[in-house]
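Participant: Heads up: the sequence lines are chains A and B, in that order. Here the first sequence is numbered in the working numbering, starting from 4 and rising by one per residue. Here the second sequence is numbered in the working numbering, starting from 47 and rising by one per residue.
Heads up, a few of these hints could be off.
[What the hints assert, rightly or not] Beta-carbon label-pair distances, calculated as ranges:
1) Tyr113/B - Arg120/A: 57 to 63 Å
2) Pro61/A - Tyr113/B: 23 to 29 Å
3) Leu181/A - Asn54/B: 29 to 35 Å
4) Asn64/B - Ile37/A: 37 to 43 Å
5) Gly208/B - Phe164/A: 56 to 62 Å
6) Leu108/B - Ala94/A: 20 to 26 Å
7) Ile25/A - Gln63/B: 56 to 62 Å
8) Ala191/A - Ser165/B: 43 to 49 Å
9) Ser60/B - Ala191/A: 25 to 31 Å
Keep in mind that the hints were calculated from the coordinates and are not lab data. Ideal Cβ positions, reconstructed from N, Cα and C, are used throughout, including at glycine.
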Amino acid sequence: MSEHILEKLGAYLDDELNAREIQKVEQHLNECAICQEEYESLQSLSLLLAEAPLPDFPSPKDFSTNVALRLPRKSVATTRSKAMEIGWWMAPVGLLTAWIFIITTNLVGEILGAANRFGLVNLSDVLSTGSSTQTSWSATLSNFGLLGGSNLQWAQMLESFTRTTVPQMIFQISIAILYLSWMAIWWARHTRQEFGYALEN
Amino acid sequence: MTISTQTNESKLVSKAQNGDRNAFSELVHTHSQGVLNVVYRMCGNGDLAEDAAQEAFIQAWLRMSSYKEKASFRSWLYRIAVNAAIDMLRKEKRILPNTIEDLNLSDSRPGPEAMLASSERTELIREAVLTLPNASRAVLVLREYEGLSYQEIAESLEIPMGTVMSRLSYARKLLKEKLETHLFSYAEVENV
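If we strip away everything but chain A, and leave its shape as in the complex, we get:
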């Protein structure tokens, strides 16, 4: 006789086995008293459970009327909520796009700057035009004789840092905070709405 098939008996009882498996189980049940007894106990349990009656609930008509009376209005909100839903899902896409744009712009700028320094391209006109439109406070202070030598170099480095790196850092940190906030809200909504929390005891 083959080994016991206790783990398949539930699926057999629930009619969840294919024809071949059913044949195997039935053949085994004819030969094995232990599995036969287990199967009968599962059948008895199923019958016993079915014995428990339902209380007198309202008829479907009365029940649906009661529910209808409690239904909140949402006809106007439907279109709006759809738009809100689309906006909600577009938010991370927008944030990621903004982040990629900033990174790309920065990268392209650095590549062009490096190419210009190595003489691969001549962008001195463009670069000098761009910088000339900006007011340089270090140059102004230098003109007044307030800065000079190494102090002027430090001031120029600081000015360059605050003009290029700091705004980028602020942008990227802001985007990261917004994105993480979106994920936290999504997670909170997901765990509350979907029912895993309730079903995991």
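Position chain B relative to chain A; hints supplied.
Facilitator: Only chain B this time, still in chain A's reference frame:
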């Protein structure tokens, strides 16, 4: 469910998703008994079950836009119903029996006649089902009382088929232990 019934239900669902209250009421009418059955078996109290079933339908109405036809509407609705029942139990802070001792299954009952008394036995069955963990109870209720297939249960609770089988097997094992005496007496009565 026949194809025409399915089509009709799909139309009703679509209308309800666009805010049609009458279409939703028809869906409530169709599924009210199933939902009431599920929530009653989950929380074991008629009044709580009615409240939970109403709450389940209200939640379904509010979330209609999130329903996708990858699962049947019934499966989707039963998931909401199961959780409405669990939430209701939580809100009511109802203390469920935890152990076989709590159920008084092995106390000094008067005799076999009393043991076979239908109302007494059904009460014990109800309580025994309530002692199951929520996850296993949900699977058992959907299978034993609503006759959902393993696939439908998996869709409904968003769990893998293997988990459905293991939870169902676990629930049956616990129930057999809790109701052993009654199973034995039941089999005897059935054989008479």
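Participant: Checking each numbered hint in turn, tell me which of them this model violates, lowest number first.
Facilitator: 3, 4 and 7
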